[in-house]
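Q: Going letter by letter, the sequence shown gives residues 15 to 487 in the numbering used here.
Check before you lean on any hint, since a few could be wrong.
[Claimed, not checked] 30 Å max Cα-Cα, derived DSSO-like pairs, lysine-lysine:
1) Lys271 to Lys477
2) Lys271 to Lys316
3) Lys349 to Lys316
4) Lys316 to Lys477
5) Lys477 to Lys349
6) Lys271 to Lys349
[As the list claims (entries may be wrong)] Across the chosen pairs, the derived CB separations fall in these ranges:
7) Leu69 to Asp177: 34 to 42 Å
8) Glu345 to Arg465: 29 to 37 Å
9) Lys316 to Arg61: 23 to 31 Å
10) Gly232 to Glu345: 48 to 56 Å
11) Gln179 to Leu203: 46 to 54 Å
For the record, the hints were derived by calculation from the structure and aren't laboratory data.
For every residue, glycine included, the Cβ atom is placed at its ideal position computed from N, Cα and C.
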Amino acid sequence: MDERVADVLAEGPPPVNGLLQRVLDFVQALRRAGVGPTQSEAIDAVRTLPHLDLLDRTQLREALAAVTVTSVTHRRAFDDLFALYFPARPAGDGSDRAVEDAGDGDGELDPESYLDELLDRLMEGDEETIRQMARLAVDQFGRVEGRDGGVSYFQYKVFRAVDLQQLLRDMLGRTVDDAEQLTPLQERLHRDEFEARLRAFRQEVEAEIRRRAAADRGLEQVADRMTRPPVEELDFFHLSVEDQAALRAQIRPLARKLASRVSVKRRQGKDGRLDVRRTVRESLSTGGVPFDPHFRPRRPHKPELFVICDVSGSVASFARFTLLLVHALQEQFSKVRSFAFIDTLDEVTRLFERGDPTDAMQRMLAEAELVWLDGHSDYGHSLERFHTRYARDLTPRSTVLILGDARNNYRQANAWVLQDLARRARRVYWLNPEPIQFWDTGDSISSSYARFVEDMVEVRNLKQLATFVERIA
Numbered sequence: 015m016d017e018r019v020a021d022v023l024a025e026g027p028p029p030v031n032g033l034l035q036r037v038l039d040f041v042q043a044l045r046r047a048g049v050g051p052t053q054s055e056a057i058d059a060v061r062t063l064p065h066l067d068l069l070d071r072t073q074l075r076e077a078l079a080a081v082t083v084t085s086v087t088h089r090r091a092f093d094d095l096f097a098l099y100f101p102a103r104p105a106g107d108g109s110d111r112a113v114e115d116a117g118d119g120d121g122e123l124d125p126e127s128y129l130d131e132l133l134d135r136l137m138e139g140d141e142e143t144i145r146q147m148a149r150l151a152v153d154q155f156g157r158v159e160g161r162d163g164g165v166s167y168f169q170y171k172v173f174r175a176v177d178l179q180q181l182l183r184d185m186l187g188r189t190v191d192d193a194e195q196l197t198p199l200q201e202r203l204h205r206d207e208f209e210a211r212l213r214a215f216r217q218e219v220e221a222e223i224r225r226r227a228a229a230d231r232g233l234e235q236v237a238d239r240m241t242r243p244p245v246e247e248l249d250f251f252h253l254s255v256e257d258q259a260a261l262r263a264q265i266r267p268l269a270r271k272l273a274s275r276v277s278v279k280r281r282q283g284k285d286g287r288l289d290v291r292r293t294v295r296e297s298l299s300t301g302g303v304p305f306d307p308h309f310r311p312r313r314p315h316k317p318e319l320f321v322i323c324d325v326s327g328s329v330a331s332f333a334r335f336t337l338l339l340v341h342a343l344q345e346q347f348s349k350v351r352s353f354a355f356i357d358t359l360d361e362v363t364r365l366f367e368r369g370d371p372t373d374a375m376q377r378m379l380a381e382a383e384l385v386w387l388d389g390h391s392d393y394g395h396s397l398e399r400f401h402t403r404y405a406r407d408l409t410p411r412s413t414v415l416i417l418g419d420a421r422n423n424y425r426q427a428n429a430w431v432l433q434d435l436a437r438r439a440r441r442v443y444w445l446n447p448e449p450i451q452f453w454d455t456g457d458s459i460s461s462s463y464a465r466f467v468e469d470m471v472e473v474r475n476l477k478q479l480a481t482f483v484e485r486i487a
């Protein structure tokens with residue numbers, strides 16, 4: 015990539031000395047974080063530099079984001095790494111009015127005076143002053159000299175001393191004192207503004223701690239530890255409420271992207287059978303040299319999809335996102351039928367035919383007949399019920415997709431059902447959200463089922479799920 019970048023720089027005036035290498039290091043950090051740009055996007059990032067005011071940090075950040083961030087879920091990681099590689103000011107530069115106002119005259123910081131001063135500065139809302147107060151907080155409450163402790167530990171030290179919730183209450187209290195009466199809308203607007211200022215203060219504190227840690231331990235080491243995986247790579251088993259909301263927001267855009275890929279794949283797939291008559295006719299004009307074979311158009315078929323989901327507590331998140339993605343892609347299949355089970359099975363296709371699929375998930379748990387005995391997963395009984403009621407609907411065009419961890423609570427497996435489904439359908443796949451190393455441990459009977467299906471695949475996040483759905487569409 016260095017030679018290509020050199021060629022790009024030759025096209026115009028060079029950027030400030032040293033900035034190019036910092037941009038390249040930043041790009042590599044993005045790649046290690048799993049959100050990195052392609053080579054062409056990295057070159058575009060370099061191309062923007064001669065056209066920017068390089069002293070304007072905001073302009074630089076937004077220009078680099080425009081050419082390197084391809085998903086809204088990647089923006090947080092980009093911003094965190096940008097703050098590390100392009101700090102607003104060298105770490106520890108605290109020679110400002112905020113230091114003088116909060117100090118006691120001897121260079122020592124009085125915690126009570128600092129908190130009073132911080133409250134005043136937050137009420138003013140000046141970004142640079144808030145940044146100075148964040149550095150000052152790190153100086154006093156979160157020292158990072160030496161190598162003991164991690165970044166999270168020092169953040170904990172600062173925010174134990176600086177109670178952000180108490181600051182919010184104090185800011186709201188001052189607003190009420192300064193105004194005779196506020197409408198509910200005014201109160202909400204004030205709260206939103208104050209929360210934004212406190213959020214900016216927190217981010218500046220976190221960025222300052224990371225910058226100082228990087229000066230001590232090296233940029234790469236800190237950068238590699240600070241970024242979370244992109245939301246589409248988060249394990250379904252460990253999603254917070256915020257993560258689940260972010261994933262739901264990704265379903266529709268991901269479905270559109272997958273639909274486009276599937277359509278291209280079908281158009282560009284292998285040709286059909288050799289068209290002997292046309293091949294011979296076309297070759298007569300050249301005496302058979304060159305011989306140019308012609309093929310009949312391929313008629314790609316859309317498979318029928320039968321989705322059987324374990325929706326018990328242990329794998330509910332996995333089933334939820336799989337069903338949402340599959341039904342968002344239903345136009346890529348000739349038919350989609352969905353079945354859910356805990357210890358018995360019921361068809362839930364009707365719930366997804368109208369309205370919001372997210373609402374359908376809630377209705378499924380409330381309306382479908384999913385519990386037969388005690389509400390603990392029973393794969394054997396549920397598979398047998400599917401075989402009795404629906405196996406006759408399978409055809410050589412059908413693909414069966416089973417979702418679950420195969421933990422059967424030591425009950426009868428009824429693996430013969432899968433053997434018969436494999437005989438009736440075109441393909442039977444099993445998506446298992448557990449890591450492979452945990453298969454066949456405890457009450458897991460993964461291998462009992464795996465020997466009768468086309469493939470049992472580990473699918474633990476949205477990225478792996480999307481790859482698999484594209485494969486079978």
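Q: What are the numbers of the hints that this structure violates, sorted from low to high?
A: 9, 11
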